[in-house]
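Chemist: Sequence:
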Amino acid sequence: MPHTRTSSRPALPRCAPILASILLLAGVALPTLAADSAAATSVDGSNLGAAERATKPSERRARWEAMSDEERAAHKAERRARWEAMSDEERAAHKAERRAHWEAMSDEERAAHKAERRAHWEAMSDEERAAKQAERHARWEAMSDDERAAKQAERRARCEAMSDEERA
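For the sequence shown, counting from 1, position 49 maps to 238 in this note's numbering; every step adds exactly one.
Note that these hints are calculated values from the structure, not bench results.
If you're wondering where the values come from, they're calculated on a predicted model, not measured in any experiment.
Note that CB positions come from ideal geometry on N, CA and C, so glycine has one too.
Fair warning: there could be bad hints in the mix.
[Unchecked claim] Per label pair, the in silico range of CB-to-CB distance:
#, residue 1, residue 2, range
1, Ala266, Gln322, 29 to 37 Å
2, Asp334, Arg249, 28 to 36 Å
3, Trp272, Arg250, 17 to 25 Å
4, Pro246, Glu355, 17 to 25 Å
[Claimed, not checked] Derived DSS-like pairs: lysine-lysine, alpha-carbon spacing no greater than 25 Å straight-line:
#, residue 1, residue 2
5, Lys265, Lys284
6, Lys265, Lys245
7, Lys284, Lys245
8, Lys284, Lys303
9, Lys340, Lys284
10, Lys321, Lys265
11, Lys245, Lys321
12, Lys265, Lys303
13, Lys340, Lys303
14, Lys321, Lys284
15, Lys303, Lys321
16, Lys340, Lys265
17, Lys303, Lys245
18, Lys340, Lys321
With these hints in hand, go ahead and build the complete structure from the sequences.
Modeler: Right, here's the structure in full:
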């Protein structure tokens with residue numbers, strides 16, 4: 190099967206994700222190498238970012254909290270730029286993959302995930318929460334009417350598909 194790339198970035202060597210992990214473990218902050226390795230694809234076409242997604246949320250959170258504000262802002266901007274560069278089909282595939290991952294979780298795993306997210310939110314200061322909400326509001330305001338309508342329809346459909354227990 191021929192090699193196909195899904196990223197417009199130059200190809201990285203196969204060892205880039207491993208090298209980035211080693212450097213991160215050693216305390217060397219290389220946000221661009223880590224981001225490049227997550228966006229790269231291997232010869233068989235699989236996304237090398239899957240290794241990053243397989244890491245425990247607590248490990249990712251620890252790396253996030255170790256970043257400076259500037260590194261976090263750069264990371265967010267890069268992820269947003271990658272998302273905006275995706276085609277509608279790529280975004281839909283990404284969302285479907287995340288939904289399938291969620292649905293494959295056991296009830297206990299989902300409950301643990303929700304509890305961890307809730308604990309993280311509650312551990313934030315009032316200023317951090319306000320900043321997060323302002324950021325979400327700004328993204329909402331920046332959407333077109335069509336994008337907002339699509340987002341609301343998607344949320345409505347997900348809600349209608351949930352059981353009463355899941356909604357609570």
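Chemist: So which of the earlier hints does this model not fit?
Modeler: Failing hint: just 1.
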